[in-house]
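Listed in order, the protein sequences are those of chains P and G.
So the first sequence is numbered by the numbering used here: it starts at 2 and just counts up by one.
So the second sequence is numbered by the numbering used here: it starts at 17 and just counts up by one.
Simulated from the structure, these hints should not be mistaken for laboratory data.
Keep in mind that the hints are not guaranteed to be accurate.
A few chain P residues that face chain G, going by a derived Cβ cut-off under 10 Å, partial list only [unchecked claim]:
(1) P24
(2) T29
(3) D36
(4) A95
All residues carry an ideal CB built from backbone N, CA and C; glycine is no exception.
Next come the chains, spelled out residue by residue.
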Amino acid sequence: MAHEADQSAALTSAQILVIDDDPAILETVADILSDEGYRVVTARNGVEGLAAVERAQPALVLLDRWMPVLDGLGFFQELQRRALGIPIIAMTAAHDAEPWARQLGAVGVLPKPFKLSALLGLVAGALGGT
Amino acid sequence: MRHTTLVPSATSETGSTSQGQAHTASSWASVLETASRQLLAVSDHAAIAGALLPACLNILHAAGALLAVVTSEQPGLVLAGAAALPSALLLALLPVTPLDPTPLVDALQQSDARWFDSREHIVGAYPQLATALKESEFERWVFVPLRVDSVALGILAVAFTQSHSMQPEHPVLLSTLNVLAAQALARLQHLTITRQHVARIQTLTEASQSFGQAGQDLETVLQQVTRRVSELVGGACAVRLLEPDGLHLHLAALYHPDSELAAGAWDLLTANPQRIDEGLAVAVLTRGEPVLLTTIDQASLRAGLRPAFHAHLERWPISSLLTVPLRTRSGTLGMLTMTRYAGEIPYTLDDQLFLVELADRAALAIANAHLFASAMSARTAAEQAAAHTLRLQGLTAAVAEALTPDEVLAIIADQVKQLVGNASGIIGLVTDDGTVLEMVQTIGYTPGDLRLWQRLPLDTAQPGSDVVRSGAAQFWESPTALVARYPQLAQAALKSEAWAIVPLRVEGRTLGILSLGFPQPRTFDPDEQGLLEFLARQCATAMQRTLRFREVEQARTLAEQVARRTARLYALSTALVSARTISQVTEVIVSEGMAALEATAGTIYQISEDARTLVALGVVGYPEPLVERWQTIPLDLAVPIAEAVRVGEPVFADSAASLVAHWPLTAPAIALLDDQSFAFMPLLAREKPIGVAGFAFAPPRNFSAEEREFLVALAAQCSQALDRARLLAAEQRAREHLAFLSEASTQLIASLDYDETLRQITRLCVPRLADWCAVEIPTSGGYLELAAIAHIDLAKEQWARELREHHPATMDMPVGSPLVIRSGEPLFYPVVSDEMLQQAASDPEELRLLRLVGYRSMIVVPLRARERIIGALGLISTTDSGRRYSTDDVALAEEFARRCGVALDNARLYQEAQEAIQVRNQFLSIAAHELKTPLTALSGQTQLVQRRLNRGEQTPERLARSLAIIEQQAERLDAMVGTLLDVGRLERGQFVLEQETLNLVELVGRVVDEVRPDLDRHTLIYEHAADHILMNGDPLRLEQVIHNLVNNAVKYSPAGGEVVVRIERQAEAALLSVSDKGLGIPTGALPQLFQRFYRADNVAAHHISGMGIGLYVVREIVTRHGGTVDVTSTEDAGSTFTVRLPLAMTE
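Work the whole structure out from these sequences, hints included.
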């Protein structure tokens, strides 16, 4: 089940997909991005994330690592198979965030918990690069 | 005296001329003178009669007259002449035989004339004259003996008629005529004697010549002498010669014309030898005088002779005897005796003189012949003696060369054959103990003949034993003679007809006998006896010598043997000194020992550690099947090699037969051997048996005391060496064991990996401790897992694994590792027997495979870790190495196993520690992650609120939402921290329950109501049969339990679905269950499910968050309430957690 971000923001800026199994984090990240004007699509696991990609065609994915049903890696592999070229920002509380991010070819790593500036810097960087 | 007219019967000129002068003295004188003149001239008896008788008729007027004379030519009286007497009357007067009683003969005995005055008178005395006188005119008779020096030379008989008148001068005339006639007769006799002497000298000369011509043969000479003397002297002639002993006379020759008489006399006289100190021999031989018995009175002769002679004398009555010595200058040879018989004239002095002369000549001839004979016999004797000596020298030389008693016996046997021909013989020797005569050599007997005599006890009455006891030879001429002395032999099957049994005597000792049997009865003359005795002496001497030689030889051999053996013993000792290992010692003992003993085969065993088995160290010289069979011998087996160990004394068997007789079990083995003698010597070290050495000898041995001593000495050397080698080996083994253990310890701690340690254990053992090593670990299914294996042959290692796979070992097996693991005691099989394999195998195929392994010896020891048996270590020796384990090895294996146990335990602990660390790290990682998740939301919301405030974008709705999230996340954090703190309290024992009576149904309902609103995909169903279930408990903790269980049910069923919470009351407990239809729990994870930090594999894979402490806390809380928590689950189908809590006492 996706939590639709502010529809108005979505109209003016790029669409970002946030995937995390924790609802509080999902909501918090979505609120932060929405406040900046991004259109945000959320998903609680890899499977939902893939559905959201199909539906929303996001310009950027913020991806959590450990999730039920389909984890971050599984999602990445599926996404790669579809060759959509959507950049990913790895987002995890795990201590080994860096290697995992490299494995995903992520454009940025966001260790949890994070600073707002760091999140927004990474997102702006990722989208600006495109 | 009456005068009668004499009518001359024969007229002669002289008579007629003198008739006219008859009656005158001058005419008497004239007649007498004529007669005496005539009588002086006469040269024969007839002439005397011719001169005398006419004178008688003329002077005495006699009617008739006759003259009868005694002559040397004839016995009795011979009629010299008669005058005027009818022939019938002459015949009647003359004796038919010399001794017939006639007046003539009777008158010869008288000294004076005998007158018969009437016819009746004379007929009355001599009736035979009656007829002749009846027809004659003769009435009176006178018979006048004619004597000179009282020797009657003749009888003058004068007859007168009735008419004759005796004139006074007649007696004187008669006397004169008598004297004249007697003198004439005497003169004539002298003349005759002179003539006879001449003739006798001639005769003697002839006789001497004839004696001489008889040659030099004594027998011929004697024949000639007796014959010739008999012819010359008349009568039987016997020559008796002195025996060499000088005491006896033997009849050498006898002659008489009547051969029957001669033969009778010969037999008689040879059968009755005469001694020189009896009878006539006394005078003849001792005094050298002749004896003449002119007339012999038969009665006194009979009385003087032994009755044996009587019959002979009956037939041939000896009437006269003349015996003279046979003398030579050198001495008396014997005597020559002449005998005449009834009816023959007696011997005269004349005969005596003649015989003396003859005897002297005969003696000479006899002496010559004797000398010649002596010379001849001496020569013969010398030749015989030479031949004899030569032969005996040959014998002596032969026996002198004989070195052994057997050779002597063979030579004696050969000599006996040469000397006595086809005799059969036995040589018997007295045994050393002097009780038995043992037949050692035979000639011409079959073994069957001798069966009874092979061993003759000396205390029996048998010829052989008697000869031994008495030392005197026996000669038996016939079976009769033998049986007469030994009646018991009458029943015996005697092979011979005559026997000579001679003792083998030397130095007063009888060594044995030489017994000869002859096929025919026979006598044994002194020479032969002497020869046999000589032979026996030679034999005895040689035997004695060879026996001594043998003794000396034996002594020398013994000395050499001792020297040789000493040398060999020395060589053995030297070799043993440099032999350090048991195998070297074994090698030396079986090689050098066998050489020293000249044994053909040898074995050496040592006693197994359990002292129940002899274990072969070396078996040499026996056939392969025996070598195989004799690798081990139970010590309680009834065989000599085991007996030697049991009694600690050597066992000797001189022969295979005696060995089998004593030890029947050895029969099959002995049947395969050529060996005859056996010796088994225990090997003793410090007075305890450590082994045994056995030696076999193909040539039979008689184990003498020396030999036994040598064997024992050799065994002692071997024992010492073996003991030393054993000690050295033990020391070396101990050192090796230490080294091994040291290295093993190093190796075992090299790795802290459990499986690697297992592999290391088996690798360490092979090949140093075993050909095959396996570690077996029990598994939960009651099976034994082959945790590690090493085999000297890699192919077999794989094969062993497969064997185990196909024939899994179960823990209930009564053998091997299962037994060890169950009992905790090591198992030691010094020898793995086929029976043991049969017992261990579960089926024939497995048995076949087990047999292929070639098990030989085995040790299984338990592997312990902190007093817990975790498995078993098996060390197996196979035929690859042939190694046999000892108790030392068991001790080593146990020590090694102990270290292995420690190593494995360390590895396990390490592994567990590693796992614990990993769990902790994982937990920390998870905990951090779990803590960071609410913190991320908390932090994010806080920054968002701040940013919105700064931007002025904050709205009350937004703020409320943010604060709700912040609070929610703070609570999450608090719960997490609380849980972590609970873990800490639980671990520190500071977890305290605050109990009160509570209604569980209500409490559960409260939690369900709390949780339900947060659920979007799950349906939470609460089922409770009662409204009140009271119990004593801490309500917060129990809520925590229910929260955990329900949250888990939700969390682990990510796809959603029903979560059913059910509560019911049972007899004494409340039963609370929480079921979901989620992921479920893998079976392998169930046991650890309630452990701290544990998370099942599948939840990690599903990336379901959690720290692995919830269920741990649940269990701790429930347990502290006196309850239990269980789980049943099927993976991918869901789980049910059931909590059983005790009811309050009031319920």
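Discussion item. Under the constraints set out in the numbered hints, which ones does this structure not fulfil?
Written reply: none
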